[in-house]
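K.L.:
So the protein sequences, as listed, match chains A and B. For the first sequence, the positions run 1 to 307 when this note's numbering is used. For the second sequence, the positions run 308 to 512 when this note's numbering is used.
Be a bit skeptical, because a hint or two may be false.
Claimed, not checked - Once the Cα atoms are required to be at most 25 Å apart in a straight line, the calculated DSS-like pairs of lysine-lysine come out as:
# : chain 1 : residue 1 : chain 2 : residue 2
1 : A       : 203       : A       : 69
2 : B       : 363       : A       : 284
3 : B       : 508       : B       : 459
4 : B       : 475       : A       : 274
5 : B       : 467       : A       : 284
6 : A       : 274       : A       : 79
7 : A       : 284       : B       : 365
8 : B       : 365       : A       : 274
9 : B       : 508       : A       : 274
I should point out that these hints are in silico values taken from the structure, not numbers from a laboratory. Just so you know, these numbers come straight off a predicted model, no measurement behind them.
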Amino acid sequence: MDNPTLPIPISHISGRYLLFSIEAVTYLRREHNICGVLTGTLPQASQQNVFLGLPLQLMPEEARVLVDKGIACIIDEAKAQTSMISLMEEDRRRYKRELEAQGHHVTRLLADRKNKRKEEALKKIAENKAKKSAKADAESEAAASSAIPAEEESAIVDVFADDSASRSSTPTSAPQEILGVTPPTSYPPLPNPTTSSDLVLSKPEVPLSYPLFAHLHSRGYFLSPGLRFGCQYVAYPGDPLRFHSHFLVVSAEYDQQIDLMDIVNGGRLGTGVKKGFLLGGPQKSREEAEIERTESVVTYSIEWAGM
Amino acid sequence: MSQPEWPSQAPSALSKLIHDAGASGNQPTATTIQVLHNLQHQHLWTSLQIHDISDKFKQYYGDVPTGELPIRSLISGLPPHRVYTHPDEQLYMLQNGIREDELRPERLFVLPTSQGITFSLRLYSMLWGDNLETVVEDGVITGPVVGEGKEKKLDEYYKKKVECLASKEWGSKRILLAMVNRGPGGDGTVVYYVIQEGEVKPRQN
Chain A
1 MDNPTLPIPI SHISGRYLLF SIEAVTYLRR EHNICGVLTG TLPQASQQNV FLGLPLQLMP
61 EEARVLVDKG IACIIDEAKA QTSMISLMEE DRRRYKRELE AQGHHVTRLL ADRKNKRKEE
121 ALKKIAENKA KKSAKADAES EAAASSAIPA EEESAIVDVF ADDSASRSST PTSAPQEILG
181 VTPPTSYPPL PNPTTSSDLV LSKPEVPLSY PLFAHLHSRG YFLSPGLRFG CQYVAYPGDP
241 LRFHSHFLVV SAEYDQQIDL MDIVNGGRLG TGVKKGFLLG GPQKSREEAE IERTESVVTY
301 SIEWAGM
Chain B
308 MSQPEWPSQA PSALSKLIHD AGASGNQPTA TTIQVLHNLQ HQHLWTSLQI HDISDKFKQY
368 YGDVPTGELP IRSLISGLPP HRVYTHPDEQ LYMLQNGIRE DELRPERLFV LPTSQGITFS
428 LRLYSMLWGD NLETVVEDGV ITGPVVGEGK EKKLDEYYKK KVECLASKEW GSKRILLAMV
488 NRGPGGDGTV VYYVIQEGEV KPRQN
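Looking at chain A on its own, in the form it has when it is part of the complex (with noise of 0.2 Å):
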């Protein structure tokens, strides 16, 4: 599998952290734990909540992991687009022969299957008659009209070779029609904006649970958004696909003050749903840096003891 060059652009969009490129989507989530939530719709589709498509939205949490970790960096897509105004012309003309060339490349592909096919129900139907033919030589005494199953013959060839192919018997060398080829991706038209520091933004700001969420992350769980369970994250201990999640996690900071029936309403809502409830924040206080404030983090479980 390819994987994308490094470091990925994230699209900031009106404080969205967003993804564009499927490689860059699997990528993530197979090598760096990254779910994020899929959220593009179909415009005729908008209500539909399930089957979403990208763009991938990450989590302010999920975008600093990555910026942290030098695998991604923040891109200014509003600026990022007003730089597609300079593309120079003779660029855009490279590319659109490029795109064109790969048009032809697959249209030949498609001809060459095509005919292929074609090559083979042929060898078939040759085949059918000589069979049918050394089997109407030894009936022919019976004086059997061979008109019938020259009639069947023509119809398998209906049925194995679609209309162009067995109509149209133009070269492959001069297709009629070239195929338009649209690109998934728009970074090779356009500079890499990850390679202008112009684009590039800091590093996402992120909530006081980003230790918590750094150290899990660190552990190789997979953190997805809690909202659904009550909580903060929702931590698998692999794929989402894979494996049931096994904790709802919240973030406190060291010396806030947590009453006791949030934790009696955590431990009862992660047993009801097979989880566990986790507790945990960093020990150092929010000025210190994050990255020493994610090394000091500390965790406690807790479960309903059943009795």
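Using the hints, position chain B against chain A.
P.N.:
Then chain B, alone, in the frame of chain A:
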């Protein structure tokens, strides 16, 4: 109209117990007694002890007199059944045909609290000190594995248990948090939660 005479109600056994201990107006001590009473009579725990840990919490709460500490003691005891078995430990036991009732009882620590107390991570961290030895009671096997059949299996199990507790494979040090339902509308229910240090995967219940 004269007030009707209500027959005076005798205090409950628990109230009497708390009163007799001289802890009527002293909430933390009363909570401890109530939780101990609950463990002893409802959950049938044995060899219950109260450990004074007020020194630890004095640092946390600053210089307050011992009488005003909201938390000042731990209870420990032997539950009649295992309260907590780590899922991996359970798997090991299943694979080796060890039943829970064949094992020696484990001393477990309980932190008595009541509704209205607030907690912080710092407070929890202080609890995980030296006075939380939740390893198998005299279950530390140092010598070679002896015995035949079941005995051998149990010995192996205890040995493995010590290793796994050290490496946190079978969970880490654990404590039971007991919370008494108090205050207006409180009915004196005691609820228990297992708290463990670190990320310990949940049980398959």
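K.L.:
Against this structure, judge whether each hint is valid.
P.N.:
The hints, checked one at a time:
1. Between residue 203 (chain A) and residue 69 (chain A), the direct Cα distance comes to roughly 11 Å. Compliance with the 25 Å bound is thereby established for this hinted pair.
2. Straight-line distance between C-alpha atoms of residue 363 (chain B) and residue 284 (chain A) comes to about 21 Å, which keeps the hinted pair within the 25 Å bound.
3. Under the criterion of a C-alpha separation no larger than 25 Å, the hint pairing residue 508 (chain B) with residue 459 (chain B) is inconsistent with the structure, at around 29 Å.
4. Among the hinted pairs, residue 475 (chain B) with residue 274 (chain A) is consistent with the structure: their alpha-carbon atoms are about 21 Å apart, no more than 25 Å.
5. Taking the CA atoms of residue 467 (chain B) and residue 284 (chain A), the gap is about 36 Å. The hint is violated against a cut of 25 Å.
6. Between residue 274 (chain A) and residue 79 (chain A) the alpha-carbon distance is near 46 Å, which puts this suggested pair outside the 25 Å criterion.
7. Simply put, residue 284 (chain A) and residue 365 (chain B) have alpha-carbon atoms about 21 Å apart, close enough for the 25 Å limit, and the pair holds.
8. A threshold of 25 Å between alpha carbons decides the hint, and for residue 365 (chain B) with residue 274 (chain A) the separation of about 37 Å lies outside it, so the pair is violated.
9. With a CA separation close to 10 Å, the supplied pair residue 508 (chain B) and residue 274 (chain A) stays within the 25 Å bound.
Comparing the model with each earlier hint shows violations of hints 3, 5, 6, 8; every other hint is respected.
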